[in-house]
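Following the hints, complete the assembly by docking chains G and R onto the known chain V.
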Amino acid sequence: MGVTLGELAARFDCETRGDAATPIDGVGTLRNAGPGQIAFLANPRYRRYLESTRAAAVILAPEHVDACPVPALIAADPYLTYARVAGVVCPVPAHEGGVHPAAVVASDVELADDAWIGPCAVVEAGARIGAGAFVGPGCSIGRGAVVGEGARLVARVSLCDGVRVGARCILHPGVVIGADGFGVARDGQAWVKVPQLGAVVLGDDVEIGANTTIDRGAIDDTIIGNGVKLDNQIQVGHNVVIGEHTVVAGCTGISGSSVIGRRCMIAGQVGIAGHLEIADDVVVMGQTLVAASVREPGVYSSALTMDEARRWRRNAARFRQLDDMAKRLKRLEKQAAADTGEKGDG
Amino acid sequence: MGVTLGELAARFDCETRGDAATPIDGVGTLRNAGPGQIAFLANPRYRRYLESTRAAAVILAPEHVDACPVPALIAADPYLTYARVAGVVCPVPAHEGGVHPAAVVASDVELADDAWIGPCAVVEAGARIGAGAFVGPGCSIGRGAVVGEGARLVARVSLCDGVRVGARCILHPGVVIGADGFGVARDGQAWVKVPQLGAVVLGDDVEIGANTTIDRGAIDDTIIGNGVKLDNQIQVGHNVVIGEHTVVAGCTGISGSSVIGRRCMIAGQVGIAGHLEIADDVVVMGQTLVAASVREPGVYSSALTMDEARRWRRNAARFRQLDDMAKRLKRLEKQAAADTGEKGDG
Amino acid sequence: MGVTLGELAARFDCETRGDAATPIDGVGTLRNAGPGQIAFLANPRYRRYLESTRAAAVILAPEHVDACPVPALIAADPYLTYARVAGVVCPVPAHEGGVHPAAVVASDVELADDAWIGPCAVVEAGARIGAGAFVGPGCSIGRGAVVGEGARLVARVSLCDGVRVGARCILHPGVVIGADGFGVARDGQAWVKVPQLGAVVLGDDVEIGANTTIDRGAIDDTIIGNGVKLDNQIQVGHNVVIGEHTVVAGCTGISGSSVIGRRCMIAGQVGIAGHLEIADDVVVMGQTLVAASVREPGVYSSALTMDEARRWRRNAARFRQLDDMAKRLKRLEKQAAADTGEKGDG
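Here the protein sequences come in this chain order: V, G and R.
Counting from 1, one number per residue, gives the positions in the first sequence under the numbering used here.
Counting from 1, one number per residue, gives the positions in the second sequence under the numbering used here.
Counting from 1, one number per residue, gives the positions in the third sequence under the numbering used here.
In case anyone wonders, no lab produced these hints; they're calculated from the structure.
Take these hints with a grain of salt, some might be off.
Here are the simulated distance ranges between beta carbons [as the list claims (entries may be wrong)]:
{"#": "1", "chain 1": "R", "residue 1": "Arg45", "chain 2": "V", "residue 2": "Gln321", "range": "46 to 54 Å"}
{"#": "2", "chain 1": "V", "residue 1": "Asp77", "chain 2": "G", "residue 2": "Arg331", "range": "30 to 38 Å"}
{"#": "3", "chain 1": "V", "residue 1": "Gly2", "chain 2": "G", "residue 2": "Arg45", "range": "54 to 62 Å"}
{"#": "4", "chain 1": "R", "residue 1": "Arg31", "chain 2": "G", "residue 2": "Glu7", "range": "48 to 56 Å"}
{"#": "5", "chain 1": "V", "residue 1": "Ala10", "chain 2": "G", "residue 2": "Ser52", "range": "56 to 64 Å"}
{"#": "6", "chain 1": "V", "residue 1": "Met265", "chain 2": "R", "residue 2": "Val283", "range": "28 to 36 Å"}
{"#": "7", "chain 1": "V", "residue 1": "Glu296", "chain 2": "G", "residue 2": "Arg45", "range": "35 to 43 Å"}
On a predicted model such as this, the values are computed, not experimentally measured, just so you know.
The beta carbon of each residue, even a glycine, is placed where N, CA and C say it ideally should be.
For reference, chain V alone in the conformation it holds in the complex:
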């Protein structure tokens, strides 16, 4: 969509430097942008590409304006402004309403006029599809499931029976919402399945990455708050509650019945044990194991970072002697204290 730099500035309340009539019809990186494309500078590691950029314009912070060889859109938070500009310049294509002839929709489904059900999608009895929603090819929507207004199920998404998806949610291909949680009760040497009878409720403006899975509650529901953003291949167990505006990176697993606060930032490959409570505004670093509740906001970690393997193995072997080393250290301290006639601090 073609706009001018000045129109973007007016829309997002920014100042410009250079020709406000510069036409913008695409986006690009500082390094690769060409005619008509607007770029941005947010991460300092890309500063070195500014002087030589051939972008039509650059979104940047005031301190970089003088170094910018092309027109600029000056923003306090260039990344946030870029996000908004890109949404205007490259909008999600509108979709038509209706049901593709190769879709299968039960007769009693409540379907808004301008919602779209794509080819080979299956919508079962009692489901409700809200205004402007998009159900892409190959999706399966279970009995009584609800898709909110303007929600977008890109392709091959499964909503199991009774799942409720809020307004403007985006679910990427392969997402599964509402499969049975992992509930088994031991019966001697074997296991009996515990029926999983709750649902999943997604708030509004939730985005869920490809192949992420969120299990239905065992009895009560699993709940994902408004504005939560989940990356790809995350596993969310039954009866988890995730607070509003929390973001979680890929491959993280959250075990059943844990309650995550609001505005948390959970990195990738984190493991969160079951039945825990995590406060608001907690940040967890990548690959961390969260095995106990977190009562205070802060930054938490448990991952070691790698080393050359031979050196690593030497240190790792010592890890198994650590308790022994600690005791020997204390013994030496006592002996040293005795030698000097002082009392040891051990």
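Below, chains G and R without anything else, positioned relative to chain V:
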């Protein structure tokens, strides 16, 4: 389904306290259950909700009966009894038999009369679908694959060619059984694919969580024993063997050709290297790396638990000095021993 | 497909021992192979099965020929030769060309005559499907996506809009290529989605395991080099670049904008942080966290291996005292040095 407390007691050989005629037509949690709903008390952390519960009845151990304000079903193992009660009160809905008009079933498929093939499911040549089986929307069943009696493929499950699924198995959406294992042979700088020619055999009563993948064997088959329960997003490599009644939690990866014993309990995000043997009755804690065979039953772990990040980093930095520290400690011990005229124990 | 041992030897430039007319029509393991099946010996742990094998013939290295009780195909690299032999003896079945009546293909799709579009596959406007390509049941191919010559999308694969898949690629069920990357910009307490406008480009001869996901670039493309092999359930973030012939094992996560070199071998459950560079020929061991760029080829690790849990916990508890221990050790060394009239080395 409506039953009375007394009928449940008779069926599961329990005693009741209070009115055995209490009608039960649903389940609920101690905290949230209302009229007609039966709750249970198993995990002591929920004991505090007992006194104020408004459930119609509660399944609990004898020691909690006196504190229960409503009728009770007294069970030695309340969680197991709950699992069975819930299966009676909230049964899986029966399904009809037949083939949906939007399903695609090859002409020579052997299909039991009361099996169901859902819309947009594809069943290829030579497959066999057992009595009462349910093949949900969007499933793909490869050539010669077998779905056992009463098995349930919820939706969008893929069975590749020749895969065999036992009786009463439950496969949740996104499950892939029998994709090619990861077999490549180095050829100079590149790799040659090693054809994956075995199959996968699932025993009876296996349950497999959403988006879990089990690769076909390279030559012989990958084998999952009776009663195995796998959570979501687990990866099982080619030629793995999992013994009967073993349970595995989400996001765990099991590398090729490893043999896991019976009744093991493997937690989430565990990594099991290839070509290992793990004994029966082994328990592995979350995020553990299993890099060697485990010969004895027991509980095993390798995961560190998190700390505040700044403190964590100080300790983690020392980890790289651990071997050096161990040597210095030994040196000090020797010196101390020499000083006191004793021989060091190092 | 039936061949003789001698024909295989001629084709792959190997020598034989024993009857070159031995007919081969299948493969088997040393332990389980029967009449007509050729086995191989590569991993020394299976050497013990050689003497008693009932295979029709065995592919092995020269040093094992004398111990082989059946005809042999002598190869410098038996595993590589096996891979090729198996490809001849058990070829991928040829497929016909055409569009299944239950597929949905947009009118302007460019479709090679001998390509196959399976039942319930959906191919959207502007896509191009190359000669001999196979698009299996339930796949979704987005607008303008390209499937290269001879590529095989086994079943239920999603290519999002504009994704390009090279020649002879193999994509297993559940693969998602080109879903939106995880891009959000903070806006006060909430997050704004950053439109993901790049594509994904897969080179030739790439193989991608079941339920692996590769996100589209934010602005520029995500790029997977020729001959890359990815196992199951791998997550590749936006704008990642993976060099030619690199192999990655299951459950690994690669964060956005990281650049992986050529011929790397990344094991399972590895986590690679964002914006890193990894040199060519780097080997990373299982469950390692790669939190910094790797400039030199070599073998790297960060994972601890498990121990019996009680012993493990004792050592893990000491980990939190490690920095303190290091300081106390240094203090003792100083004191010891002072005692002996020397200067400490601390």
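Does 30 to 38 Å hold as the CB distance between V:Asp77 and G:Arg331, or does it fail?
55 Å, violated
Taking the Cβ atom of V:Met265 and the Cβ atom of R:Val283, is their distance within the range 28 to 36 Å?
31 Å, holds
46 to 54 Å was suggested as the range; check whether the CB atoms of R:Arg45 and V:Gln321 agree with it.
30 Å, violated
Whether the CB-CB distance between V:Ala10 and G:Ser52 falls inside 56 to 64 Å:
58 Å, holds
Looking only at beta-carbon atoms, does the pair V:Glu296, G:Arg45 fall within the given range of 35 to 43 Å?
21 Å, violated
Range hint compliance [Cβ, R:Arg31 to G:Glu7, 48 to 56 Å]:
For R:Arg31 and G:Glu7 the Cβ distance comes to about 54 Å; the hint holds.
Kindly confirm whether 54 to 62 Å is satisfied by the beta carbon distance between V:Gly2 and G:Arg45.
60 Å, holds
In terms of the numbered hints stated before, the structure departs from hints 1, 2 and 7, listed from lowest to highest.
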